[in-house]
Structures are given as C-alpha cells and as structure tokens.
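K.L.:
Place chains F, G and Z on chain U using the hints.
Chains as they are written, first to last, in full-length UniProt numbering: chain U, 1 to 333; chain F, 1 to 333; chain G, 1 to 333; chain Z, 1 to 333.
Just so you know, the hints here were simulated from the structure itself, not pulled from any lab data.
Be aware that one or more of the hints could be misleading.
In this list, chains with the same sequence are indistinguishable; a pair is considered to hold if it fits within one copy or across any two.
[To be verified] Straight line, CA to CA, 27 Å or less: simulated BS3-like cross-link-like pairs of lysine-lysine:
# : residue 1 : residue 2
1 : 187       : 321
2 : 3         : 41
3 : 161       : 321
4 : 106       : 187
A quick note: this is a predicted structure, and the numbers were derived from the prediction, not measured.
Here is what each chain is made of, one letter per residue.
Number of protein chains: 4
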Amino acid sequence: MLKVGLLGAGRIAGVHATAISGNPGSTLVAISDINTAAAEKIAAQYGAEARSTDAILSDSTIDAVLIATSTDTHSDLIERATAASKAVLCEKPVDLSLARAQACQKAVAATGRPVMIGFNRRFDPNFATLKNAVDAGEIGRPELLSITSFDPAPPPVAYIKVSGGLFRDMMIHDFDMANFIMGAAPKTVTAVGSSIVDPDIGGAGDVDTAVVTLTYADGRIAVIKNSRRAVYGYDQRVELLGSEGLLQAQNMLENTVVKSTTQGVTGAKPTYFFLERYMPAYAAEWAAFVEAVNGGNAVPVTLDDGVAALAMAEAATLSVKTGNPVSLASVLE
Amino acid sequence: MLKVGLLGAGRIAGVHATAISGNPGSTLVAISDINTAAAEKIAAQYGAEARSTDAILSDSTIDAVLIATSTDTHSDLIERATAASKAVLCEKPVDLSLARAQACQKAVAATGRPVMIGFNRRFDPNFATLKNAVDAGEIGRPELLSITSFDPAPPPVAYIKVSGGLFRDMMIHDFDMANFIMGAAPKTVTAVGSSIVDPDIGGAGDVDTAVVTLTYADGRIAVIKNSRRAVYGYDQRVELLGSEGLLQAQNMLENTVVKSTTQGVTGAKPTYFFLERYMPAYAAEWAAFVEAVNGGNAVPVTLDDGVAALAMAEAATLSVKTGNPVSLASVLE
Amino acid sequence: MLKVGLLGAGRIAGVHATAISGNPGSTLVAISDINTAAAEKIAAQYGAEARSTDAILSDSTIDAVLIATSTDTHSDLIERATAASKAVLCEKPVDLSLARAQACQKAVAATGRPVMIGFNRRFDPNFATLKNAVDAGEIGRPELLSITSFDPAPPPVAYIKVSGGLFRDMMIHDFDMANFIMGAAPKTVTAVGSSIVDPDIGGAGDVDTAVVTLTYADGRIAVIKNSRRAVYGYDQRVELLGSEGLLQAQNMLENTVVKSTTQGVTGAKPTYFFLERYMPAYAAEWAAFVEAVNGGNAVPVTLDDGVAALAMAEAATLSVKTGNPVSLASVLE
Amino acid sequence: MLKVGLLGAGRIAGVHATAISGNPGSTLVAISDINTAAAEKIAAQYGAEARSTDAILSDSTIDAVLIATSTDTHSDLIERATAASKAVLCEKPVDLSLARAQACQKAVAATGRPVMIGFNRRFDPNFATLKNAVDAGEIGRPELLSITSFDPAPPPVAYIKVSGGLFRDMMIHDFDMANFIMGAAPKTVTAVGSSIVDPDIGGAGDVDTAVVTLTYADGRIAVIKNSRRAVYGYDQRVELLGSEGLLQAQNMLENTVVKSTTQGVTGAKPTYFFLERYMPAYAAEWAAFVEAVNGGNAVPVTLDDGVAALAMAEAATLSVKTGNPVSLASVLE
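One chain only, chain U, in its complex shape (with noise of 0.2 Å):
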C-alpha cells in the first residue's frame, strides 16, 4: 500500500485526492496548501491530515509525493523529495525554464528516485487505444500525425502573462502527446501563430492560435494546431496516417443523443474541459503510477519527457519569434 502526500490543494488536486483514494493500492496519508484551509477540506473528505510541505516530506513513512503546486515551485519540490526518497507525481510542466527543468533533471538523476510527470493524455482511454493499435502495427509505419487540440475558451490575460506562453502551458501537452505516437523525439520544429482570438493576448506577448509542424529525422513529420477558443467544447484529437491506414481518435461527447428536425441533424457537443473529458485519464495515470512504484519498475512518463517536451516549447517560441525553423538541437546545447 502506497502511502502518499499530496503537495498543494487547489482544483487539481482534488481530482488527484479522488484518484489517490480510490485506487486499492495507495491511500492518501497527509496534503499541503498554502491555504490551510484548502488543505483541510481536502484532508477532511477523504480522512487524511492536513500539514505542512515539510512536514510531508520529512516524514519517512510516505513513499510519495504528487505535486500539484504552482509550476514555478515545481522543480524545486521535485528536488527535495527525490532527495527525500520519494517516488514523485509531478503535474505538467516541469518548470518554464528549460535550464532549471534540465538542472533538475540531474539532481534528480542522482538520487535514483522514479519522477512521473502528469502527461495525463497518455492515460486517455482513447489515445491509448490509439497507441496500442499503432504499437501493434495496425496501420502499418506512421507517416503523418496530425494534432488538433483547443480550449473552449481563453484564460484570463493574468493567467497568460505568467503561463509561459501558449507553447509552455497549453501546446506542451501536444508535444508529449506527439513524442508519446511517434515515439521518438523531432528534429525540426516549425511555429505560426497569432492572437486573432483575443488582440489583448498578443498584447502580452503571446499567441493564441499556433499551427506547429514537426519533422523527424526518417522523414516522418506531425502538426500541431492549437487554438486557445472553440466554443463548441474542449476539442481534443488525434489523427495518424500510416502505410496501411488511419487512425483517428476523436471527441468525447456530452452523450449520444441526436436530434432530426428540419433544422438538420443535431448530436451532443464534445464535453466542456479537462475535467469533463480527461477524468478517467487521471485515474488511469495514478493507477499506472502506483502499480510502477509499487512494482518496483520505470514510471511510464519520465522526467526526461517532461524537458523533451519543454524543449519543444522552447524551440516553439523562439520559431515564432524568429519566422524561422528551429532545430530541437539547437535548444538542447
């Protein structure tokens, strides 16, 4: 049974907490906010203690932590529980900077600790299914992936002056999602983008609408369209052209009614957002997080996909910045 604290205790969280205690092996020991409060809600429902970070990870009868903090606290708590023998969850992104991310990379690799990063896509029973059927050769060798992913609507223009930007915060989860297909990382990475959603956006000097083509050393390539607004719902979908056929993983939706009228022929819309759509994923992710743990075996997400794909973001925005492509090579130097 895997003991575990849980780093911070925001909405996020409490979607972890659900998962942490209705997995049959881990149970949810003790949780952290800086807003006690928070913290206490949480610990109160789902009958665990409400402490301090330090107090979490100073105590040698939790075998781990997930961290779902503020990204800027991210590689520092990584640090300090992998030093404090935890196996770790950590959410997405490591950090905004790439050097910080690849300095903890190190530390990290010193202690020996397994450190899982929140790709909670992967888990997605929609994409993995995906997954196996290109693992197991069903359409042949990929050739062409195609990424669509979009938010229902944009963040705050707060919230995207300290995001990192759209290839940090939102697109991040296409890279992996493209490294986790394609199984190998690109070599070039190609941006366009504008703030035609929203000018304010631009304003703070970010994109909110970006088409990223990838190209991979066999000759394979990927794109990637994001856009920070669709106000249909959350659109989230995979597409993989191969030598013998397509795959396609598409929306989920709200349910399966459809309505014949003379105004046409009218079906649910794609659930609203990351909660509605990605909470058996999140499941999914704990359970496969603990059953490596528990097991004794390699976290299926690493820390190293974690900068992969933070390098991509990197080599994403410096694209944009520079209407040129950017080779991932050159980020990593």
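P.N.:
Relative to chain U, chains F, G and Z alone:
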C-alpha cells in the same frame, strides 16, 4: 440493343426515361400518355416518338415496355404487353386488388414473357450492399429484421382515398424489402395503426402511422414501421440482427458538412424524398432489367414478388381491422 | 446524512455500495447477505458492518435500505422494511407474480413510506437527455416509440428457468422505459417471440427473441425489440418520432478511435454489458433517491411504476401464448 | 445554347463530355485529340464530330472550348482559343511555369474573353455547402483552416518526373481551396515534405508527403496536408475553426451500411478516387460555366485564380528546398 416503349409520362416516367436513355443496352423509341403534351415533351427530350399505347403495343420492333401509368391500369397493361410478346417492367404495385393481381399472374405465366415489378429499393446501393453481406454470411444466421420507412409529409387526403391505403401504397415497398432480405414469405402478419399524424386520414378510412410484425416458420421475426410524416426528410433504414452481428443501412444525407457551435454538432438532413434518395436505384433497376432481358435470364424481381407483397398488404389491412394476427396463407387461399 | 443498510452482497450490491459511499448525502452503515463472507468483504471495503437482515431492519438509526437480494425476496423485504419505517430502494422487478406485487403495493401504501424501484435506465445520461428533450417539446407531439434492447449473450438455461421469462426478467426494463418516455400506460400489448438464439431456451418454456407492440388510447404506438444475443455488445437504443422531429439515444462506445484501412472504417463496439453501460446511471439513481428522501419529496420511480411494468410483462407473456393482443386492463383486473 | 468544342479525349475529357451533353444549355459539337481514335469514340457516343484542334478553333460557330489536354499545352491553347474569341474552361493547372502562366494571363486580358480554370472541388456539394455556411456567418469570423487531401495511391514515378512536383500537380487544388474558403491570398507559405511513401519519388526530386502552413495578413492561419497514399481511399476533408464554431466537410462514403460484430463497428470506405468523389462537382462546374457565359457574367473561377494557386505551389516548392518560409509577394515579383 433493347428497343423500349414507355407507357406514362408523369414524374416517375421522366426518371425512367433518363435511365432508359442513359443505359448503353437500351434505347427509348416511343412514349404514350393520355396527356399527349407530356408524352411529346419527354419524347422530344430523348429523341423518341409520342404514340398511342395501342401503337406501341402493336409495334413488333419494340422489345420491351416500361409501365409507369396509374396503378389501376397496371394489370391490364401487363397482360396486353405480354400478350404482345413484350418484356415488361411495371411500377409497383401490380394492382390494388389481390385477386386481380393473381389473375394477371396466371395470364402472364401463360405467355412466358418476363415481367419485372419496380421494387426499386432492392437496387439502392445501401440495401443491395446489406443484402450481399447477409448472403455472404457476414452476420451469420439472420434472426430479427427491422425496417424503418417514413415519408417526409403525408399526401393529400384525396390521394389517400384512392391509394388502396398505407399498406398497399406505402408499406408494400417494405413488405418486398422484408421478402428480399429474409428470402422467404412470413407465416403471420400482425398490424397496428392509427391516424395520429392527420385525423382526416383516419376519416378517409386509412392510417398514417403503423407497425407490422411478421413471423416466419423458422422462428425469425421482422418488424416494419411506417409513418407518413418525418419532418426531417425521407427516413429509410434497414437493420438486421444475426447470430454473428448486426447490419444497418442508414440514411443518405444531403451532404457531409458538420457544424459545431454552442448549440451542438449539426449535420445535414436525410435526402428529402424518393427521387433524391433512389435516383441511383432507378438506374440500377433498369440496368438489371436490360441485362436480364438481353441475356435471356430471369428478371431479378418477378410478378410473383409483386403478388407476394400485395398479399402481405392485404393481410396487414385485415389485421388492423380485426385487431388480430392474420396468417398469410389465409389471405392467399 | 442518510444512514443506509444494504441487503444483499452480490455483484450489483457492490455497484450500489460504491454509489452509497460516493454520495455526499448518504453513508453505508451495514450490509447483510446469506453469504456472510461476501457481506463482510463489502463491509470492510467501505467501512461498514456486516449484520443480519433482521438486525438491519430493527436498527432504528438506519434511515433507508437498498434491496439487492434475489427477486423472490423483494416483496417480503419491501413490506418488512417499510413496516420498520425505512425508505426503500429495491432492485427490479418487484416480484415475478403480479398478484404478489399488487399485495405489496397495498401493504406499502398503508405505511406511507417511500419505495423506489431500481429502473436505473431512467437515469442513464442519454435516455434522461432524450426524455428532457421530449418534455421540452423539441420534437413536438410524440407519435411512434422504438426501443431496441439486446443483451450480449444469453444467460444459462438454469437461470432462464427461474427468471420469470424474458418479458419479466429482461423486457421489464423496456416496459418501464416506454412508460417513462410516453408518460402513460398502453391500452394493448401484442407480443411475438421465438427461441431462435438457443432452442434450449425454448425447451425451458421461454423465448430469446421478441417484438412487442404497444398501442395507446390517443393513437400513439410503441415497439420494443429484445434479443438475448448481440455478439457485438450491449445494444441499448431508444428512438422517438414526433410531429416535429426524431430523437435517438444511441449506444455508448468503448472508445472514440476509428481505423480506416482497405477493409473499411472501423470504430469501437458498444460497451459490453450493463455494468459498463449503466455505471453512471446507478450513481445518478442513488443520488435521486437520496435527494428525494432527504428532501421529503416523492421518489422519481415508484412502486406503482414497478407494478405497471410487471403488468405489461404479464400481458406480453399471455400474448405470446395465445397469439393475440392482450388489453392491459384485462391483466390488471 | 452554347456550342462547345472539346480539346482532348482522355479520361477526364470523357467526364466533361458527359457534363456538356447532359447540360440543357450546352451542346457538344466537336472533339479533337492527337489520338484520333479516342476522339472519334467520344464523338460517336455523344453525336459530335472528331476534328483537328485547328478546325475547332477556326470554326466561328463554336462558342466555347473546354481544354482537357496535357498540362504543357494549356497556356498555348488558352491563348489561341481566346484569340479566336472562344470562352474557355481549362483544366488545372494553367501551366507548370508561373512565368508562362502570367504571360498567358496578360494575353487573355487583352482579348477580354472569359477563361475559367477547372478547380472542380469548389463545386463539390460538400465544400460548396461549407463555403456558403462561412459566407452566411454561421461560425463567425474564420481563424484556422485545415485541408486534408490524400490520394489513394501514388502515380508511377515516370509521371512524377513530368508532373511539376506534388505542389504544382496535387496540392494546387488545395491552394485554390484555401483561396476559395479564405477569400484572400496568404502572406507567407511554409512547407515541409518528405518521400516516406516511396523513396523513388524522392529519387525523382519530389516529395510524397507534405505539410504547408499559410499565414494571412490579418492573423488567420491555414494548414494543408497532402499524402500520395491513403490505402483506404480518397481522403478529402476541409475543416474551419471560427470565432463561433467549427465547420467540417467530411468524406463521401461508398455506402451507408454499418456492420457490428465481435471485431467492432465497420462502415464503408471513402469513395475511391476523384472520378467517384467529384462526378457531381464536374457537372456543377460545367453548369456554372454555361450559366456565366450564356448570361454574360463573370466566370466563378478565373485565370487569376489559376495563377494565384500556381504562385503558392511555386512558393511551397521553394520553401521545401530552402527550409525557410517564403513570402508569396517574393514569388510574384
């Protein structure tokens, strides 16, 4: 090259004229109608002559006639045309009177000439594909058939009064479809019906909404649903459950465009009515007739098929009146 | 906080235990089963006690019981629990005997306690959405209802023999669904059935494939199709034609992945059986019970609803035997 | 009645001959081809004459010519036909050389004769419906366009060598589609490509898989994906995200039959290739030409459109070579 005379110059005759002209194995020679202007117009369009029906039937150079006149003339014209050694394709139904149709059946049998009944839906690419899959054993042994057949809007009550009623006028297509898919006639026919769409249809002694259940000697079951009104368009679906799976032939849509907004995800309606939906079926029906007659083979839908469907309509009409199941044998006696 | 005793510790009881524990308005206090090991296992998992049924019913601190025992005990337990002032949620069917269920109905009425029958499908998000759309007038006046309900595989013949037959055991859900959607009981019930899936089911005096047609006093019609075997999974669809459109609740699929190859375009199967399909419905059903009982409101599915569905099953059973339509009134006399 | 000469008697010329003959406003008078047997065959089928191109162009009773010859003859024939006062519909592309096409543009402008370029996809019912919905404001302001265009199988390498390359031969249709939907030319063109389908295509100096990103002056973005091989059939989809929704034009399928078995739920493949998919588009294209010319109105797709698409192909070709974005203005200088 099959030389063809067309009897009738109404709307459906125009559809047939296009099919006859467009088929490389047939040529439209002459057309007749009591409305001579209508006959002349079609004749001009396709390089044929407007003649009297007598002139067409007595022209020994004409190989085949297509009968697209009003239902009450079908039996007579079939008998006269076969007596004149023509091959015949006649629009459904053979007759509103089962006894008259059976008499016609005997008369034709004596001539040995081929008579095909225009159950065009057998040649619809979707239903034909479904039938081929059944025959290929793709879903094992058929067990439960469902036919949904809704018109977009009811005809005028004046038409209803002379139509022979919903079972002879509308569901007769579905009776033939059941015979086509199941490859056997049913044992019993159980019908319920009401005039919920338009009470005036009830006032005229007919129903506008009906469900008919068919049982077969080997335990198979079929159910047919008819409504005179589906405001979203022509709803024509067939579904067959078998021991190893399910086959569904779904509606044809006006186009493939899908719109996602805050209101939902909306696609196009089904094609509006039989001309839009079954245009390819009419061409394929004619091609099958030409191929059979030119090749000296049996036509794929026979006068016997026409009589069989009419007997089922008779049984359904009786079942609605009596409120009890009717054995098909009792109707055919 | 509703204190709950769970009677029964079988598979479906486990589902209910999860729902009771997961609901913020209820807590699972005790569980009973003749298989005490099974009761103890569920009790341990959810922090409850394994007790005898008598002990649960006589514990005045327990507010409600959920009856998930075998069908032959339902009526007795409903009567005992309501006599002990408990609110009751009982799995369907109330009883295999209509007379016994009606006696239970009277006994319960004398206590004034709320008894909800577990027609979980009313709480399925898809069917609930369809019902809401009907009630909102989105397709005008309902005219023709179709319910398709196929199990993935037939149960053992030993089960068939004690099940009460397809109409009481399986189609009872669909009878209730018809009552739910149509908001009225039918006037006549006409059933046909056969044992084409497995002759041994026929040997046990039951059918495995059936079509039931319902007529309503106002001219509406409903048709229900049941099969004990759909090899592709649990097929649960509802379709309603109205004066201004059509509503369809389609199947839930295992995932959204679609594969296009030279063999066609293939998507996932429907979820396999009721546990997969209706898990959200069980949680919503319990939530509705808790909300009604805690709020002092009428429960949304009543014992009367359970008796009504059972009467339709009785009528259908009789109709198959006699080969004729059966008026519902004649069964209820 | 428009009197038409058809230049070319290959496969696509046969399609056009059917459209010309089937249109009530035009008649096919003559046809020419260096393969005189082919010309005579089409002439016989449609009651026209086989003549030399010179004879057609010098016949003052012929109002219009349809040019369906090899690409290298297009510019010359357009110039000769307009000089002879014919209205012209010419198959795409105008020329493989942008400079030559621009010279042709000037020559034609001097004659004032209408020249329509055969971008048939604008007349596909699905894409035309999508365009109408955009223009009607159904999804608000367009922001992000995606075009997927995959052929079922690559052409022979011998063809590749003389084709002008994927961008001029295949993606030119998609460049025109982008111009059609967006209503403006892009500012920059960024292309990546590889020969992952067939290395021999790379050996011939071409790519078989490519992604092109277009940016627009107002911040809109478009992305086009091409592959020479989609084994499941012709994949032709357009998707446009706007401020108030998403529009998708999906593939046409061979039929509507769906089969559910233990293997999944399988529907038909997309129609195989352009003749199957775009047959209705060719007829609608010709109808639009006839309507414009007979009515004295501007043709709906102009020589300018042909040059614009060719310039984008030129820019994309250059972008793949240099690895950098290319401004469209730099190509048009």
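K.L.:
Give a verdict on every hint.
P.N.:
Comparing the hints with the structure gives:
For the identical chains of this complex, residue 187 and residue 321 are neighbours both inside a copy (19 Å) and across copies (16 Å), given an alpha-carbon limit of 27 Å. In this assembly of identical chains, residue 3 and residue 41 lie within 27 Å of each other by CA distance both inside one copy and across copies; the values are 19 Å within and 22 Å between. In this assembly of identical chains, residue 161 and residue 321 lie within 27 Å of each other by CA distance solely inside one copy; the values are 17 Å within and 37 Å between copies. Proximity of residue 106 and residue 187 under a CA criterion of 27 Å is satisfied intra-copy only: 23 Å inside one chain copy versus 44 Å between copies.
Every hint, counting from the list given before, is met by this structure.
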